[in-house]
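**Q** Spelled out, the chains give:
There are 2 protein chains.
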Amino acid sequence: MDTKKTSRRYSRRKFIQHSAGGVAGALVAGDALAADLRHGETPASWKVPGRGFSNYGQPRNSRDSPIRWISADRSVAGNGVSWTPLHQLEGTITPNGLHFERHHNGVPEVDPATWKMTVFGQVGKALVFDLNALHRYPMTSRIAFIECGGNSNSMWHPQPTQAPAGYQHGLVSCSEWTGVPLSILLREAGLKPDAKWLVADGLDAAGVSISIPIAKAMDDTIVGLYQNGEPVRPENGFPARLLVPGWEGIVNVKWLNSMQLSDRPLMSRFDTVSYTDLQKNGTAERFTFEMGVKSLITSPSPGQSLAEPGFYELSGLAWTGNGVITRVEVSADGGNTWAKAKLQDPVLDKALTRFRAPWHWNGARAILKSRAYDALGRVQPEREVLLQEKGSNHYYHYNAIISWSVDTDGSVHHVYA
Amino acid sequence: MDTKKTSRRYSRRKFIQHSAGGVAGALVAGDALAADLRHGETPASWKVPGRGFSNYGQPRNSRDSPIRWISADRSVAGNGVSWTPLHQLEGTITPNGLHFERHHNGVPEVDPATWKMTVFGQVGKALVFDLNALHRYPMTSRIAFIECGGNSNSMWHPQPTQAPAGYQHGLVSCSEWTGVPLSILLREAGLKPDAKWLVADGLDAAGVSISIPIAKAMDDTIVGLYQNGEPVRPENGFPARLLVPGWEGIVNVKWLNSMQLSDRPLMSRFDTVSYTDLQKNGTAERFTFEMGVKSLITSPSPGQSLAEPGFYELSGLAWTGNGVITRVEVSADGGNTWAKAKLQDPVLDKALTRFRAPWHWNGARAILKSRAYDALGRVQPEREVLLQEKGSNHYYHYNAIISWSVDTDGSVHHVYA
Numbered sequence: 001m002d003t004k005k006t007s008r009r010y011s012r013r014k015f016i017q018h019s020a021g022g023v024a025g026a027l028v029a030g031d032a033l034a035a036d037l038r039h040g041e042t043p044a045s046w047k048v049p050g051r052g053f054s055n056y057g058q059p060r061n062s063r064d065s066p067i068r069w070i071s072a073d074r075s076v077a078g079n080g081v082s083w084t085p086l087h088q089l090e091g092t093i094t095p096n097g098l099h100f101e102r103h104h105n106g107v108p109e110v111d112p113a114t115w116k117m118t119v120f121g122q123v124g125k126a127l128v129f130d131l132n133a134l135h136r137y138p139m140t141s142r143i144a145f146i147e148c149g150g151n152s153n154s155m156w157h158p159q160p161t162q163a164p165a166g167y168q169h170g171l172v173s174c175s176e177w178t179g180v181p182l183s184i185l186l187r188e189a190g191l192k193p194d195a196k197w198l199v200a201d202g203l204d205a206a207g208v209s210i211s212i213p214i215a216k217a218m219d220d221t222i223v224g225l226y227q228n229g230e231p232v233r234p235e236n237g238f239p240a241r242l243l244v245p246g247w248e249g250i251v252n253v254k255w256l257n258s259m260q261l262s263d264r265p266l267m268s269r270f271d272t273v274s275y276t277d278l279q280k281n282g283t284a285e286r287f288t289f290e291m292g293v294k295s296l297i298t299s300p301s302p303g304q305s306l307a308e309p310g311f312y313e314l315s316g317l318a319w320t321g322n323g324v325i326t327r328v329e330v331s332a333d334g335g336n337t338w339a340k341a342k343l344q345d346p347v348l349d350k351a352l353t354r355f356r357a358p359w360h361w362n363g364a365r366a367i368l369k370s371r372a373y374d375a376l377g378r379v380q381p382e383r384e385v386l387l388q389e390k391g392s393n394h395y396y397h398y399n400a401i402i403s404w405s406v407d408t409d410g411s412v413h414h415v416y417a
Numbered sequence: 001m002d003t004k005k006t007s008r009r010y011s012r013r014k015f016i017q018h019s020a021g022g023v024a025g026a027l028v029a030g031d032a033l034a035a036d037l038r039h040g041e042t043p044a045s046w047k048v049p050g051r052g053f054s055n056y057g058q059p060r061n062s063r064d065s066p067i068r069w070i071s072a073d074r075s076v077a078g079n080g081v082s083w084t085p086l087h088q089l090e091g092t093i094t095p096n097g098l099h100f101e102r103h104h105n106g107v108p109e110v111d112p113a114t115w116k117m118t119v120f121g122q123v124g125k126a127l128v129f130d131l132n133a134l135h136r137y138p139m140t141s142r143i144a145f146i147e148c149g150g151n152s153n154s155m156w157h158p159q160p161t162q163a164p165a166g167y168q169h170g171l172v173s174c175s176e177w178t179g180v181p182l183s184i185l186l187r188e189a190g191l192k193p194d195a196k197w198l199v200a201d202g203l204d205a206a207g208v209s210i211s212i213p214i215a216k217a218m219d220d221t222i223v224g225l226y227q228n229g230e231p232v233r234p235e236n237g238f239p240a241r242l243l244v245p246g247w248e249g250i251v252n253v254k255w256l257n258s259m260q261l262s263d264r265p266l267m268s269r270f271d272t273v274s275y276t277d278l279q280k281n282g283t284a285e286r287f288t289f290e291m292g293v294k295s296l297i298t299s300p301s302p303g304q305s306l307a308e309p310g311f312y313e314l315s316g317l318a319w320t321g322n323g324v325i326t327r328v329e330v331s332a333d334g335g336n337t338w339a340k341a342k343l344q345d346p347v348l349d350k351a352l353t354r355f356r357a358p359w360h361w362n363g364a365r366a367i368l369k370s371r372a373y374d375a376l377g378r379v380q381p382e383r384e385v386l387l388q389e390k391g392s393n394h395y396y397h398y399n400a401i402i403s404w405s406v407d408t409d410g411s412v413h414h415v416y417a
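Residue numbers (this note's numbering), protein chains in the order written: chain A, 1 to 417; chain B, 1 to 417.
I should point out that these hints are in silico values taken from the structure, not numbers from a laboratory.
The reader is advised that the hints may include incorrect statements.
Copies of the same chain are indistinguishable here, so a pair counts whether it falls within one copy or spans any two.
[Stated by the list, open to error] Calculated cross-link-like contacts (lysine to aspartate or glutamate; reagent style EDC-like; alpha-carbon spacing at most 20 Å):
{"hint": "1", "residue 1": "196", "residue 2": "290"}
{"hint": "2", "residue 1": "342", "residue 2": "220"}
{"hint": "3", "residue 1": "47", "residue 2": "111"}
{"hint": "4", "residue 1": "47", "residue 2": "73"}
Next comes chain A alone, as it looks inside the complex (with noise of 0.2 Å):
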């Protein structure tokens, strides 16, 4: 890869002028053939009526349609996660029936009706809500991502994995929520100098129970009522969950059952035994809650093949669990030389953003990655430099630079390089 060739000056017409011809060049036809696809044969589908109409609406049901890969604990009931394929997923947006999923003992069954929501503890009054009451909050929408602070955790594998990005990568999905600020609520139920931190649980036979700092519960964290529009998914906590921008998933509680104020954490075992990393001194270090700055190229990616020397459109995700990404930059000689990649706009706080950089294969092998950064300067570390300074204990957090390797058949891998 000429990588002065996908700087910033590189444009589009360069790009059309460059590939002589086009990408669509061997398919080019003549007038007479495209005449002859309009006006010759008729569309097999011009002739019989199509399907009817749908109450709602399903995607295309084939072998090659994008699916949730579940890797479940067969042990343990509803224990495990389904991914994002983002390695099949365009934009930024995730479709709510492919948001990742990770349950510790499954989906609850919640009834609308009856679900209530208690604030408690260092409050003036405690406060109920039910569904109804809730609805009557003024709302907010925000476009934000949802990370698992295990996601990409099989990078602290010595050896590669070998999976579709999504399948290594998609514990990440981003969509619009709406819902009613959590400071609206406190408020009203009025805290307490002690109110130092927030203990929310959920409904979930796991008994989730998680402890945030008092300072985020008033800041930008929402009570989710709906997801891309609609209300929100069992799966994803109907009928309210927390959203809470930046911050692990697990934090996010689903199903709230009730939100604690207290002058010091819970050190429930979500607190403590799981969602901490461990350091090299073998002390674990907990309450980290906020996501790095972290990107992939979703395409081309492991899985994928390029077909043929030529024009290829390097397309991925970047974001940060704190503020925008202000820049991504891409390399198709494993790091030697970068270029930057264009940001699709809208760019967002704490959401998925996509970049993309045009690139020309010629055939040889290369090594793709991505680098992010993001508005408080930071940048997505090579994997060196993180096991270097995380040790090889860790499990949760890993956000160092994701490496592919494009070999001269044209398949994708995944490598440490």
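Using the hints, position chain B against chain A.
**A** Just chain B now, with coordinates in the frame of chain A:
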């Protein structure tokens, strides 16, 4: 309604202070009860594991889950519409399963392996693209609405139709679309000077064929391949459809078959018989593509009812076929006084924009209205003004102010007021 209270100076803090304990007031529990709820009763869902994982998620299966209503013409297979239930949704994104449908002869089955799209006519060389070829081109993403030109046409009736808001005005939906800018493909084909119109046709049995001025085709038109992240669904045009932002639905041709460049429009039946605007003098205005500036309050709206006097948030949608929404005003006194609504960020070009305004219902009959402004300085007219201007022969492009009455029993109805 005291509209002064809903002015810009109205803060959420003020709302909380004014609302005498807030909306949850009636449900306030003592600390003891709250503690009971948490530590006494054990939710039933804590006792049994929940449901497991799924490859593709579904919404909650309930009588009150949002669905599209279907209005189909039984005499012609697959001719009709299904409506986005705007009155049951929040935010701005429409989930793919609820995107409105307007088909003239059903949804064709298209085999992606054999599908081809042709560009021919007044071009340097005709081009044929298969799906793999199309995927090789640079892509772009944007959030945009699509609105059927016939949306809201029940509003031309002399009596106000009583139906939920989405089933009168829900032939509009909003998605993040990703695809190849059409300008890239047309530049590659090489436009001849006579290429003034693009005639696109679809693979449906109705043979939808429509003429689009070349300037729009070269501006922001996209060959759409992905909708809200996943491949465009069959009912929305799989494998490829046009997205012609801000222009009436019919030109956003689904199941793309061919695009012919021509010095003149085709004058197909979709150019001439339908999707034209019959004027007062009996002549029809053709090629009225751009959708107007428009808005409606989705909550509260007909079929819903207010339980009691007190605080409510008015929530609704605004959009325009040209530029961005710059301002939305709401009235609760039939248009005598207006207050500025808050627009939800980000406000995007040719996308649905969510607006919200606080309202204190005093229990008396109220007439709710919303009025949107766009960047061109256009504003929605009152119904009488639109009728005066357009006459009663009109069928498409209804964009006048929409009014709901809130009666003393809290019920909401559609009124002309």
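**Q** Now look at each hint and say whether the structure bears it out.
**A** These are the hints, each one checked on the structure:
1. 196 <-> 290: within (18 Å within a copy, 53 Å between copies)
2. 342 <-> 220: between (28 Å within a copy, 18 Å between copies)
3. 47 <-> 111: Classified as between: cross-chain Cα gap 15 Å, same-chain 48 Å, threshold 20 Å.
4. 47 <-> 73: So residue 47 and residue 73 pass the 20 Å test across copies only (19 Å; inside, 50 Å).
The earlier numbered hints are all upheld by this structure, with none contradicted.
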